[in-house]
Amino acid sequence: MIQDGVIYISLLIAFVAIIALAEKQIGGKFFKYVPGIVLIYIGCALLKTFDVFSTSDSVETTYSTVRGLLLPAMLMLMLLQCDLRKIIRLGPKMILTFLAASLSIVAGFTITYALFKGFYAEGTWKAFAALTASWTGGSANMVILQGILEVPENIFGYALIMDTVNYSFWVMFMFWLVPFSAAFNKWTKTDTSYMKGITTELAATSEETEAKSFGFVELLSFIGLGLFISALSTKIGGMLPVLGAAVNATTWTIIIASAVGLILAMTKIGRVPGSFELSKVMLYIVIALIASHADFSQLFQAPIYIISGFMILFFHGLIMVILAKLFKLDLFTMGIASLANIGGVASAPILAGTYHRSLIPVGILMGVFGSLLGTYFGILASSILSAL
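Just so you know, my numbering puts 6 at position 6 of the sequence shown, and the rest follows in order with no gaps.
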């Protein structure tokens, strides 16, 4: 068992490098349908499951420090070639689909609780309401609901297990669906021409940049810029006040780093090559870090709650598919709306980037939108579940 933080992060980066190398050298149909990012998630989660990583202070400190530093830097660098003014042209579709996804999650919790409430421990409705806040916002919203409803610690633990296990599978499932977007869009008969037009326009500048070569100076400059902006955003975010139920230091950090990236994207810095490649390196490392805390052994604990989590996600997915068919929605819109709720700002931009890097701001904005509303959807769920 690894208890040293330096060895822990070194092993993760080495594993990421092996997968990235295999994806480049082997390629083919396997990596087309099982992206390297999914293999990284599964592999690192299995390392955690088989106790390769401990929960020592050294490992946990390294995890929180590296993840906290890389995530804002990664988002900022990814945004350097994105023009938010053009993203706005996507219109109200994303917002309405996001709200539909949130309500479908509330519906999933309601239906599942009504079906299995005879099997749950007393007070489970409170834990489900807290988890609803997490799956429509984030962990901060979940903790807020735990305090509001005074969820018993033992029951709250079941919600945490669901938040880890079921969330992990849903993230992997969303990434796994990406290669099937064309088939899904054909089935829903959606018109993706508007999306193609916008991504073509947004990508024009980045393609121009990609044609330029980059080397030592560009990479070193972006490393310095990214890490400095990340540290500065974290410092300033920690000094800003908590607003309402959802805007905390982490939210401020993400907002500040994203704002800097979007502003710099409109300057000459946005036309310097190398930022996307470096941000992708950070992306793979962040995914490995997140997965290294997803312990699959929890599948064997509290099975009724794990089953309930899959039922909730099933109803959520079913409702979203029905809406997609009825309103002719594309897989990108559905996937981002779903993961912006369940995964938040840490996952939605990453999924958006797998479709096209110019769409990353959509994931960020939807994730932040969720952090603002998650608490209130949790309160809505508590009102419904307490009445059942």
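Hints are supplied without guarantee of correctness; some may be wrong.
Between beta-carbon pairs, the in silico distance windows are [to be verified]:
#1 115 with 50: 32 to 38 angstroms
#2 42 with 114: 31 to 37 angstroms
#3 118 with 65: 28 to 34 angstroms
#4 388 with 318: 44 to 50 angstroms
#5 29 with 56: 23 to 29 angstroms
Calculated directly from the structure, the hints in this document are not laboratory data.
Predicted model, so just to flag it, every value in this text is computed and none were measured.
C-beta: ideal position from N, C-alpha, C; glycine also.
Hints, verified against the model:
1. Our hint of 32 to 38 angstroms for residue 115 and residue 50 holds, since their Cβ atoms are close to 34 angstroms apart.
2. Restraint check, residue 42 to residue 114: a C-beta distance of roughly 33 angstroms satisfies the suggested window 31 to 37 angstroms.
3. The hint said 28 to 34 angstroms for the Cβ distance between residue 118 and residue 65, and at roughly 45 angstroms that hint is violated.
4. At about 20 angstroms, the CB distance of residue 388 to residue 318 disagrees with the hint of 44 to 50 angstroms.
5. Restraint check, residue 29 to residue 56: a C-beta distance of roughly 41 angstroms breaks the suggested window 23 to 29 angstroms.
When each numbered hint is compared with the structure, violations occur for hints 3, 4, 5.
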